[in-house]
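Protein chains in written order, with the working numbering: chain A, 1 to 506; chain B, 507 to 623; chain C, 624 to 761.
Some hints could be false.
Partner residues are not named here, just some residues of chain B that face chain C (Cβ under 10 Å, in silico) [claimed, not checked]:
id: 1; residue: I517
id: 2; residue: V571
id: 3; residue: L584
id: 4; residue: F591
id: 5; residue: G592
id: 6; residue: A595
id: 7; residue: F596
id: 8; residue: I598
id: 9; residue: V599
id: 10; residue: K602
These aren't lab readings, by the way, just hints derived from the structure by calculation. The structure presented is a predicted model; accordingly, all values stated were derived computationally and were not measured. Ideal placement from N, C-alpha and C gives every residue a C-beta, glycine not left out.
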Amino acid sequence: MTKFDIELLVLLPILLPLAFAIVMLFAWNNLQFQRVMNLVAGSVGFIVSIVLFSTIYVNGIQVVAIGGWKIPYGIVLVADNFSAIMVLMSGLMGFAVAFYSIVTVNKKNEQHFYYPLLQILLMGVNGAFLTGDMFNLYVWFEVMLISSFVLLALGGKQEQLEGAVKYVTLNLISSMIFLSAVGILYGLTGTLNMADLAVKVQLVENQGLVTVVAMMFLVSFGIKSAVFPLFSWLPASYHTPPVAVSALFAGLLTKVGVYTMYRVFTLIFDINNEFIGTVILIIAGFTMLTGVLGAAAQNDFRRILSFHIVSQVGYMVMALGLMTAFSFAAGIFYIVYHIITKTNLFFISGIVEKIKGTYNLDTLGGLFKKYPSVSLLFLISAFTLSGIPPFAGFWAKFTVALAGFCIEQYLIVGLSLFVGLLTLYSMTKIWNYAFWQDEKQESEMEREFYKIPIQRKYLLYSPSIFMTVVILLLSLFAGSAFDFAVLTGEQLANPQYYINAVLGGK
Amino acid sequence: MTLLLAIVTGILFTAGFYLVLRRSLVKVIFGLMFLGHAANLLIFNIGRLTKGAPAFILEGNQTAVEPYAEPIPQALILTAIVIGFGVQAFAIVLFKKAYQMIGSDDIHSLKSTDRIA
Amino acid sequence: MKSIILQTATRYLLPILLLFSFFLLFRGHNSPGGGFVGGLVAAAAYALYSIAFGVEEAKKLLRIEPVYLIATGLMFALISGMIAFFSFDTFMTGKWSDFNFPLFGKLGSPLLFDLGVYVVVIGITLKILFTISEEVKP
């Protein structure tokens, strides 16, 4: 591959969704065409992300200077191992959600630009993963947020609007803090390029102010990734939109916050800063605990899952707070497994809703007898989420805990193991109520479900089956996946790789 | 002038956060706008305030003549203003629809998402 | 609200504002102005029209759905970035024509990008305007 080809490949995850969104907007009143384009876009995006991933794996970190401006003055896109993994995940999600949307999103929402917005959301997410420029990151965040605002409010039911109000308010505050922090950082260093920042932040005389900026970033990304005590928008909003949107948000959006947290706190701010590490660990502990306790109190399929996202984000942040190469590797493996599993659980909740017409656990029941295959899909994901061996979730939790043991942070490790137990409890709750207990009465909705043609049913199940296969593959090949995570962790722990790739080895 | 703007920025941030914490939806919107303006003003102030001294490099020189106003923060603000325009417009539409749907301006009536079913 | 003074004034103001918006668009590369401001002025012209004559009239005057404007503008912006691919340069590298056109000066890909911004801004602003003025049924 020539340099031009590789540059194009790094750009494609951003350009393709935009191009598809434009085509869909031109055909805004032709839904059939949009559905087909959506499937094409999902598939092409997935293929591109795989190719990008393998290219980065073979050729190492790639840097693209947009507009041909000299680095570090222009905007750069940087694809290192971590970016490549995340883009791969977003490609996977785009692919699965594209198929899942066809059956689950109703016509009224489709007419309100559901498909173009989905593509623009993916563009924003990919942009945030690939950019190597602080201000550009802010722009991608906004691209992502605006489309997510609209997707969240799509349909305009009362609870959706209420959830959206909370989501919008908190996320806007987060953006403003982020913007201010970027401004102050520019004032301190005179650069926005992340690699250049990494070099120049060390040279700033007033290191106290640098820590202040670091905390501003922590607050801002903390809101976006829903850590304690700033998570309240997530359980208030994620259970309201169409389920395909829920699944996409649950899988990807909070992980963008976590990704940027990893990026900023490994690259720009001093990796061995005791203070930052301790703050992050404390936050992580509370996040895990509140999330899982919140979930235990809930009685709605999707709300339990939403609270679990909070608790799981705690693990990822904990892996960051431990600040060793091995813990980063564990954290990355955790992010990957969590994206896949959580999305699949939301897919299954959507299937259950399609059958029974409700998410409320009290009225659900009897699914195991009638739909053993759906139950099996749920069981695999639930086991994975609560960390039962031999599934991927076990390896993820095990490695995070191991990373904690290695540097003798017993308190947080003990907490994480306890939280794992509680996770199992609420998964059991869903299992008992929705699948295991006897059916109370056959709902109106279920008779409707019998009438759905068999092909459509398969289309409904297939994304979940696909994700389950991915989970099983990840569990089977956890070793090789973790090897790659270790490579990535090394890259994060030694920012010199990144800096040399962008600024040229000095 | 820099000091004055710094104070104004501080007031805007304070007012913004105060308004966001109010119970009325309209005040929350105003709070969000104030926060946006405060962030923009902060960045503007960082780019140094000089009158009639753009960062042009004169012929024969390697760098611009000090003191000059940095152009990059101003470009950043322009971008941020444009984005803020879009986001705030959306927020207004959303809040208006929420108000019409709920029939109340009071944030405490936005309870249905937090109720345990 | 129907006001004869506003309606009459708007009839004269609309073309002037649109012309002014073009002026802002084309001087934008080296002077204050540009696609965003130009687009806002043009959108303001339509907003004025919709205040004077009602939203339905403004929609009729525009003739096409704002969505098409958004799509067209985004397409311009995307193409302007991709022009650089033809000479194997990175995305968004500025490409300029070698000779001067009368009135416009040199044409280049940044102008196309600005034109895209101009169209998108008109489209989005009008879309927001039309959405706000629709009444929601509770």
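Results for each hint:
1. The beta carbon of I517 (chain B) is not positioned within 10 Å of any beta carbon in chain C (closest approach about 28 Å), and the interface hint is therefore violated.
2. For V571 (chain B), the suggested interface contact is broken, since its CB lies about 21 Å from the closest CB of chain C, more than 10 Å.
3. Annotation: interface hint on L584 (chain B) holds; nearest CB of chain C at approximately 8 Å, less than 10 Å.
4. The restraint placing F591 (chain B) at the interface with chain C holds, with a minimum CB-CB distance near 9 Å, inside the 10 Å limit.
5. For G592 (chain B), the suggested interface contact is upheld, since its CB lies about 7 Å from the closest CB of chain C, less than 10 Å.
6. Checking A595 (chain B) against chain C: minimum C-beta separation of about 5 Å stays under 10 Å; hint holds.
7. Checking F596 (chain B) against chain C by beta carbon gives a least distance of about 8 Å; that is within 10 Å, so the hint holds.
8. Interface restraint check: I598 (chain B) against chain C, minimum CB-CB distance 7 Å, threshold 10 Å, status holds.
9. For V599 (chain B), the interface hint holds, the least distance from its beta-carbon to any beta-carbon of chain C being 6 Å, beneath 10 Å.
10. About 7 Å separates the beta-carbon of K602 (chain B) from the nearest beta-carbon of chain C, less than 10 Å, and the hint is met.
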